[in-house]
Every structure is written in structure tokens, then in C-alpha cells.
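Participant: Chain residues, written in single-letter form:
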Amino acid sequence: GQNIDQPTEMTATEGAIVQINCTYQTSGFNGLFWYQQHAGEAPTFLSYNVLDGLEEKGRFSSFLSRSKGYSYLLLKELQMKDSASYLCAVRPNYQLIWGAGTKLIIKP
Amino acid sequence: GAGVSQSPSNKVTEKGKDVELRCDPISGHTALYWYRQRLGQGLEFLIYFQGNSAPDKSGLPSDRFSAERTGESVSTLTIQRTQQEDSAVYLCASSNTRTGNHEQYFGPGTRLTVT
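Each protein sequence line maps, in turn, to chains D and H.
Residues in the first sequence are numbered consecutively from 1, following the working numbering.
Residues in the second sequence are numbered consecutively from 1, following the working numbering.
Hints listed in this document are in silico derivations from the structure and should not be mistaken for laboratory results.
Note that the structure is a prediction, hence the values are computed from the model and not measured.
Glycine included, C-beta positions come from ideal geometry on N, C-alpha and C.
A portion of the hints provided could be inaccurate.
[Claimed, not checked] List of simulated lysine-lysine pairs, DSS-like, C-alpha gap at most 30 Å:
(1) D:K57 / D:K76
(2) H:K11 / D:K81
(3) H:K15 / H:K57
(4) D:K103 / H:K11
[Stated by the list, open to error] Only part of the chain D face toward chain H is listed, based on derived beta-carbon distances under 7 Å:
(5) G15
(6) F29
(7) A39
(8) P43
(9) Q95
(10) A100
Next comes chain H alone, as it looks inside the complex (with noise of 0.2 Å):
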């Protein structure tokens, strides 16, 4: 599809328990960020990518949190021991920044339950 995905898009997991969400952006889009929503709450900024570099991660709410970014396409975000406050709704989106105005593309989302 021309569009970002993201798979799950549901995920319900023990607490304590390791989880990996994967995005994959539109196809030759340079930039690719992460996002979470809690429910009823805004978008939190966690990690952005340019290429397969990660320039900014202070968003990642701790060190059980990680990403990565491979040939500038796919990326996993990794939360480790995961705890009932992890659960929410994780958003991806992509951007080309070489050209236009860096609109940002979302995906539809995986939405994380921690029971």
C-alpha cells in the first residue's frame, strides 16, 4: 500500500513481558517519528529517525523503551518488562524532508494493553 502500517494492531501482553511494534513508513520518506496516546490525552513525542540515525530521543520515557531504523525503511520500537502504565495507543508517522512541508503521515496505530 502507499500508505504508513503498523503491525499489531492489537496487542494485549502480560506485565513484565517484552513487546516489539513495528512501523513501516512510506516508501522513500526520510523522516520517521513515534509517537504514544494515552486514551483521551495528546500525542507524546518519544523518538524521531532521519534516515536510519536517531538525532533526538528524549522522549523515550525510560531505559525499557529502544528503537531502531534499517535501510532507511522499517522500524521497531522495543519496550522491555513492560508495566500497566505502558498501555496505550503507539503511533508512527513519516515525513520526506527534502522536500514540501514535512507533513507528517500516520499509521493507524497498535494499540498496547498490559494486563
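Same shape as in the complex, but just chain D (with noise of 0.2 Å):
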């Protein structure tokens, strides 16, 4: 079958660090997807990665690693407004995977 794991919910506060995990059993790999979806709204793409290392693009960075079957988002310097859920996808073929998203709650 196919698989994608990230935690269901995560909670930081502004100005900090976060790190939302994905992992990933899926039939073949042609790239992996970050997507931010705020409530109420459709998912906007985050960043892409299909080799292995990091990927950085202003506050936000995503990892992969293909061996492990791994990939996480970086958020730094928290703010309010990256109160939202965070989906990642994986393509095997013609389509994409979608794991569940993680929401990801931002304290003051």
C-alpha cells in the first residue's frame, strides 16, 4: 500500500523554530510536495523536493531523504499568520499522496 505519516497537530510560538516530520512508503518516487492550507481555503504549495538534502526558500526549508523514506518543514521565526495546516504529498507516478496535514497552532 501506500503511506503518508505526519503528526495530526503541533503547537509554537511566535518567533521560534518548528519542524513538521513526513514519512513516506508509497509504490515510486517522482518528488515530494509542502503544502499550506489555511482554514477555510485551498492548499498553496510550499516547495518541492526530489534529491535528497535541504531545500531552503526564506523561512521556510524542506528536507528529503529518499533512503529513509523521510521529509520534514522547517519553520522559522514563527509568525501569527503560519497558524495553518501543512500537507505533504508525495508523487509515485501521475498523481500525489496526500498525507492527513499537521495543524500547526502558533501561541503569542
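Since each chain sits alone in its own frame, please combine them into the complex, following the hints.
Facilitator: Written out as C-alpha cells, the structure is:
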């Protein structure tokens, strides 16, 4: 089967750093995506990893280890507007397999 | 506009009625996806189109659900004899499978409420 696991909910403090983990087991691998979804809105693209290593984009970074079936999304200098769900998705072929999402709560 | 659009944005219908949801993908995007998202839950894959063909209909929950795509553009998702458990947000996404990472771009969704 195909499976994506990520924590259901995390809490962090404004200004701090948080790491959201994602582990996957899929029949193939052609890239891993992170999306952000605010309540009541559609998901928006954050990052894409296809090779091992760290991709940095401003306050957000995403890491991939294909041998371990593991990725994380790192959010630095947290802001209240970062309160959202973060979705991990893997592309084994033509479609994406989605995790259930991690709800991130930011406290002042 | 340049993004994915969906209509209607909200739909309230009575149990047993049929509904039709529309998606206009980004021009030139060859792939189109339909998802369902219940309140507080993750994305549930329904169907995928490559061009006008649907190679994967495995996510359709029952034979009350059907979808079509024409002109490698607009797609409609039809739900017949709606049930209360069909209440959800229906999201459409498109991607360009010819180049790049196949990133999916989402529309704003249609919120369906079955009373």
C-alpha cells in the first residue's frame, strides 16, 4: 500500500522554530511536496524536493531523505499567520498521495 | 484569470437532488484532479484526468459520482441523488505534466451542503 504519515497537530511559539516531519511508503517516487492550507482556503504550494538534501526558501526549508522515506518542513521566525495546516504529498507517478496534514497552532 | 476557478463557490441542496460542480483549469494544463475534503480532514482523491481521459477513477466513492472533461479544459463533477455524507468541500487542481515538477494548483473549492 501507499502511506504518508505526519503528526496531527503541533503547537509552537511566535518567533520560534518548528519542524514538521513526514514519513512515506509509496510504490514509486518522483518528488515530495509541501503545501500550506489556511482554514477555509485551498492548499497553496510551499516546496518541492526530488533529490536528497535541504531546499531553503526564505523562512521555510524542506529536507528529503529518499533512502529513509523521510522529509521535514522547517519554519523559522514563526509568525501568527503561519497558523495553518501543512500537507505532505508524494508523487509516485502521475498523481499525488496526500498525508492527512499537520495543524500548526502558533501561540503569542 | 490565470488561476483555477470553480463554480459555484457554495451549493446547498436537498437530499436526493443531483448537483453539478464545475472546474476551469489553468489554460494549457494537461492534468486535472478532483478531491473531496471533509471538515477538519485531509484531501481525498476522487478522479484524475490526463487530457480528456480519466485513467484513474479509483477514488470515486460510489456510482452516484461521475466526472467528465471536454476540450482538455473544463471539467464537471456530477453527484446524483445526493446524500448528507456528500457534504464537503470539493477541490479541483490542475498541473502541467509536460514540464517541471507537476505542481498542482488548486481552485478555491465548492462547499457542498446537503440538507
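Participant: Hint by hint, note whether the structure agrees.
Facilitator: Verification of the hints:
1. Using a Cα cut-off of 30 Å, the hinted pair D:K57 and D:K76 holds, with the two alpha carbons roughly 11 Å apart.
2. For the given pair, H:K11 sits about 29 Å from D:K81 by alpha-carbon distance, which is consistent with the 30 Å threshold.
3. Our distance criterion of 30 Å between C-alpha atoms is met by H:K15 and H:K57, whose separation comes to about 24 Å.
4. Proposed proximity of D:K103 and H:K11 is supported: the alpha carbons are some 27 Å apart, at most 30 Å.
5. Among the interface hints, the one on D:G15 is violated; its C-beta lies about 27 Å from the nearest C-beta in chain H, farther than the 7 Å criterion.
6. Checking D:F29 against chain H by beta carbon gives a least distance of about 13 Å; that is not within 7 Å, so the hint is violated.
7. Nearest Cβ of chain H to the Cβ of D:A39: about 9 Å, over the 7 Å cut. The hint is violated.
8. Hint on D:P43 holds. Least Cβ distance to chain H is approximately 5 Å, under the 7 Å limit.
9. Checking D:Q95 against chain H: minimum C-beta separation of about 5 Å stays under 7 Å; hint holds.
10. Restraint check, D:A100 versus chain H: the minimum CB separation of about 4 Å is within 7 Å; hint holds.
In summary, the numbered hints that this structure violates are 5, 6, 7.
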